[in-house]
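Participant: Line order of the protein sequences matches chains A and B.
Numbering-wise (our numbering), the first sequence opens with residue 68 and increments by one.
Numbering-wise (our numbering), the second sequence opens with residue 368 and increments by one.
Since the hints were derived computationally from the structure, they do not count as laboratory data.
Where a beta carbon is used, it is the ideal one built from N, C-alpha and C, also for glycine.
A few of these clues could be false.
[Stated by the list, open to error] Short derived list, chain B residues pointing at chain A, Cβ under 7 Å:
| id | residue |
| --- | --- |
| 1 | R406 |
| 2 | R409 |
| 3 | L432 |
| 4 | F445 |
| 5 | D448 |
| 6 | I475 |
| 7 | S482 |
| 8 | K528 |
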Amino acid sequence: MRFCEILVTIALMIPGLLGQAPGSATPGSIEGLVCEVGTCKAITGARVVVTVFGPQPAKRQTLSDASGRFRFPQLPPAQYQLRVDADNFSLSGFIPVITLTDGQRVQGLKVEMRALGTISGHAFDENGEPLGAALVEVMTQEPPVPPHWMQPIASVETDDRGEFRIAALDPGEYSVRVTPVTTRSPLKAFPATYYPNTTDPGAAPKIVLSSGGEVSNIDLKVPTPGVKVRGRFVRPTNERHETTLMLIARNAAVQVPPVPARNMAEGESDEFEIRGVASGSYYLYVISETNMQKRSLLGRVPLEVGDRDVEGITIAVIPPGTIKGRLTVAADAINGDAFDPSGITISVGANELVPPPGMGFSATVSKTGQFDFGPVPQLTLTLGSMILPDGWFVSAERMDGGNVMASGFTSTPGKESTFEVVVSNAAGAFAGVIKDRQDKPLPAGRLLLLPAPSLRANPLLVRTTVAVERGEFSIETIPPGEYTAIAFPDEDQYTPAYLRDLGDKYERFGQQIHIGARETTRADLTVAPVELN
Amino acid sequence: MMILLLLSNSGMLSSRPGQTSSAHPAGVITGRVVDDDGRPMRGLEVKALAYGDENGKRRLVPRGLPAKTNDRGEFRLFWLDPGTYYLVASLPQVMLDRYRGPQFERIIPYIPSDSDASFVTTYFPGTAEIGGAQPIEVGGSEIDVHAFPMAALATRVVRAKLINPALDETTGPNPIVVPNLMTVTLRTLADSPYTPSYLWTMLAPGGNGTFEISTGLAPGSYALNVEVLKSDGVYAGTGKLTVEGADSDIVQIRLSKSITASKSSQ
Chain A
68 MRFCEILVTI ALMIPGLLGQ APGSATPGSI EGLVCEVGTC KAITGARVVV TVFGPQPAKR
128 QTLSDASGRF RFPQLPPAQY QLRVDADNFS LSGFIPVITL TDGQRVQGLK VEMRALGTIS
188 GHAFDENGEP LGAALVEVMT QEPPVPPHWM QPIASVETDD RGEFRIAALD PGEYSVRVTP
248 VTTRSPLKAF PATYYPNTTD PGAAPKIVLS SGGEVSNIDL KVPTPGVKVR GRFVRPTNER
308 HETTLMLIAR NAAVQVPPVP ARNMAEGESD EFEIRGVASG SYYLYVISET NMQKRSLLGR
368 VPLEVGDRDV EGITIAVIPP GTIKGRLTVA ADAINGDAFD PSGITISVGA NELVPPPGMG
428 FSATVSKTGQ FDFGPVPQLT LTLGSMILPD GWFVSAERMD GGNVMASGFT STPGKESTFE
488 VVVSNAAGAF AGVIKDRQDK PLPAGRLLLL PAPSLRANPL LVRTTVAVER GEFSIETIPP
548 GEYTAIAFPD EDQYTPAYLR DLGDKYERFG QQIHIGARET TRADLTVAPV ELN
Chain B
368 MMILLLLSNS GMLSSRPGQT SSAHPAGVIT GRVVDDDGRP MRGLEVKALA YGDENGKRRL
428 VPRGLPAKTN DRGEFRLFWL DPGTYYLVAS LPQVMLDRYR GPQFERIIPY IPSDSDASFV
488 TTYFPGTAEI GGAQPIEVGG SEIDVHAFPM AALATRVVRA KLINPALDET TGPNPIVVPN
548 LMTVTLRTLA DSPYTPSYLW TMLAPGGNGT FEISTGLAPG SYALNVEVLK SDGVYAGTGK
608 LTVEGADSDI VQIRLSKSIT ASKSSQ
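So here's chain B without its partners, still in its complex pose:
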């Protein structure tokens, strides 16, 4: 069970009077996100999480507007109601350029000092485990959490093979061959108050339908969901994998048509 530590008076955080506004609550959390060498990390999304009800369960859900770190690694979450918050920082997994669309393999992602590891979704004050996240009490003042580092985990290669179930089962499974956009989502199956999903947008594989993803992963069980957008609809499927001390076996994902083209256009 998570131990709630209210850090606003602990010395790790500093506060100053926030701006007053009649239209918006005055709560503000500021800080910087850095890599494991203290270098600023730019373009990360930082969100404030607070406990709320989600489908009858007590979960951490995003509150207020997300922020993006600038070239100095700085972020500023504002218009927050008074309350207890947790910070989560993540690197956008889809390189979506607002003006140019998805950017495939154009930018090299951040690399930790250990080049065999990968940066992962991180909770303040710098942990990959939600259990290690520390709460921040926001009242009528501005809270500065200063710099906190992104966490890195050993890189694991997740390999998957897409199977097209529309083909005759008696001939055995055949790979789906589609030169289309594909979204891949990886989500832990562990019961957690907050479960970030790792999402990639990429071109669907041709050839034998095999693709692979490299990411930092903690040991555990995960669901790998794939959606392939084709002209006649969306094909989707899910596979499960267990990560231990090495890369997982190839995950077989059986795709089925989930949404028709006419429905998706509506």
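So that you can see chain A by itself, here it is in the shape it has in the complex:
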């Protein structure tokens, strides 16, 4: 959704007046039409801005008339960028830069826009009364394969009749949810409810919106006011810090971004009370001391919520540990002494859904290979992708001497740990041709290369690629070892980003591959007999 809303034009540019032709140049003009894609139905009142680049950048603006036409007369020769905006429309394609020569009239520009859609409806509480001042969000779901994520992309608040209307939505499939605005009505706590009346995002049906369409009567009803969850924090010291609570669903088919739960407990005690919690399985996180310099203290407990209030939950707030590390060169590397680690960024991230700010940490490696993450909460972390010189790869990860290549690692509360990253250039390569089920080369065929099952939890070891012309593919810089290669057809649902989650389902159609150091393994692959949407 787009917000077509601002009072004035902001211009960070050297003052200049468009239309004042420099020297003796003859002014020209730009004329065009704004209309709907396909039918070319005129769009009236579209906002059209032309900007000139150069030592004195400036812009002029106008509105399209009743026939969708616009005109900028008296333009000096220059290069111009045209921008067009209209409520409930989005630009179809792009508008190229226009070069206007001396006295030239540029005519016949056609700017096509696609009509956007609207979703409207009502929200009601468990008694059928309108829910006023509640937040209604339109959600999209990605990717099409697990783990599914639902993200809000647009929102409004309901009025006193519970009515809402959200416009300027791209055609597509959406879910809609309603949540209380706790700062507005703290006593009216209820769980986020997805259309029509479920607290489980995975059970929410899709609302299909067409270009220019309106889906009305999306009426949401809160099925339950939810229950209260009460308990207390146990802190490692007597220091008081601001705390944030977050409930994150466990084992949910569809995950949603976590949001802070409001602590309704009175006073500055260590007690907490969360209202309006739906039944389900959760992790309850507490984050304390969110000052990024000190990093957070983190606590987490699993929580089962039914239809009654949950009492007596105790969350131990765990102090962070410190992780320092070093980057070393493997013994099998060729010319390893010449490897310069300085400036390489090492990043680690939590491999579970956790609330910020504990999501990830990064450090820059010194010339001697040292790096320091500083305090890190007790989370299971994995190494993120690193930018290494061509041909180099991570061959080992060790935490206090133990192999954590596949398992990930964690900090030890209150203690310092050493994380070692070993790099090597003794890599192999894999190349071949992807063929369809009729044994014909398949351009743009997809390839998933899985390491041994014990290593698959490490995302860096799972590789994907797309074949080029004649179905040819190649993957460079592969750690030596045993792999399973699975080929997929050229379909959107098998884009490389989604392939990683399909290994288990289609592994039986894969081909065993051995990758040796400084060797290129060649094999032709036939696509798996996959399901197509």
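With the hints as your guide, set chain B onto chain A.
Facilitator: For chain B alone, coordinates are given in the frame of chain A:
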């Protein structure tokens, strides 16, 4: 002095019974905001103002929850106590996308029929002057003010130059060069029962520290306040300008550190 006209029975407004609720007052004001050609304007903030005491002065202050106009230009202010209200509609000056943060130069703002003018904060029934605002009497019924147009004023370019006072004064003022977020607030210095401020969020200027803002402005005196967020704190400064029949001269704004980073993080 403002003439109070109670319009609820004047024919410009229509009323119908409001919803009753034991938890909230039933007062409602509905309407539509349109441009000078009658087209709906979406995403505007509409607030109900009522007289109250502010620092010992009688001022118009917002009451109840603000509303946003939808794609039809419609708004609905609700849960209002009975009383006399004035409506103010404004275009959000900061393009803050709830899910994506500030959106710089992404959306083209509304343009009046006179493309040399700009829409400005408007009071019902369509005036840029608070003195021309008309009161709305809210009782136990729903008041429909129907459509009212946003006002537009001639666009003026306000140019300003940021000066970093931390530099040696003997070498003369030097521009501050910071690739950081900056908020700019423009507020009239006229004594008024309600003084809306115009606020922009933008990237702080590099180069010679000069930036400019185009906005609809009535003649008068204004304060231009700038705050630049840097890693070591907030730098702020204020300049004054007078708007007459043309763009103002460049406003020199001397920045000084106002809040330390440690304080701001608390």
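Participant: Against each hint, give a clear statement of whether it holds in the structure.
Facilitator: The hints, checked one at a time:
1. Taking 7 Å as the C-beta contact cut-off toward chain A, the hint placing R406(B) at the interface holds, the least distance being around 5 Å.
2. With a cut of 7 Å, the hint placing R409(B) at the interface with chain A holds, because the nearest CB-to-CB distance is about 5 Å.
3. The criterion of a C-beta within 7 Å of any C-beta in chain A is met by L432(B), whose closest approach is roughly 6 Å, and the hint holds.
4. The interface hint given for F445(B) is met, as the beta carbon of that residue sits about 4 Å from the closest beta carbon of chain A, less than 7 Å.
5. Checking D448(B) against chain A by beta carbon gives a least distance of about 14 Å; that is not within 7 Å, so the hint is violated.
6. Interface restraint check for I475(B): the shortest CB-CB distance to chain A comes to about 4 Å, inside 7 Å, so the restraint holds.
7. Contact between S482(B) and chain A, as hinted, is supported at the beta carbon level, the nearest pair being about 5 Å apart and thus within 7 Å.
8. Hint status for K528(B) relative to chain A: violated, with the closest Cβ pair at about 12 Å, above 7 Å.
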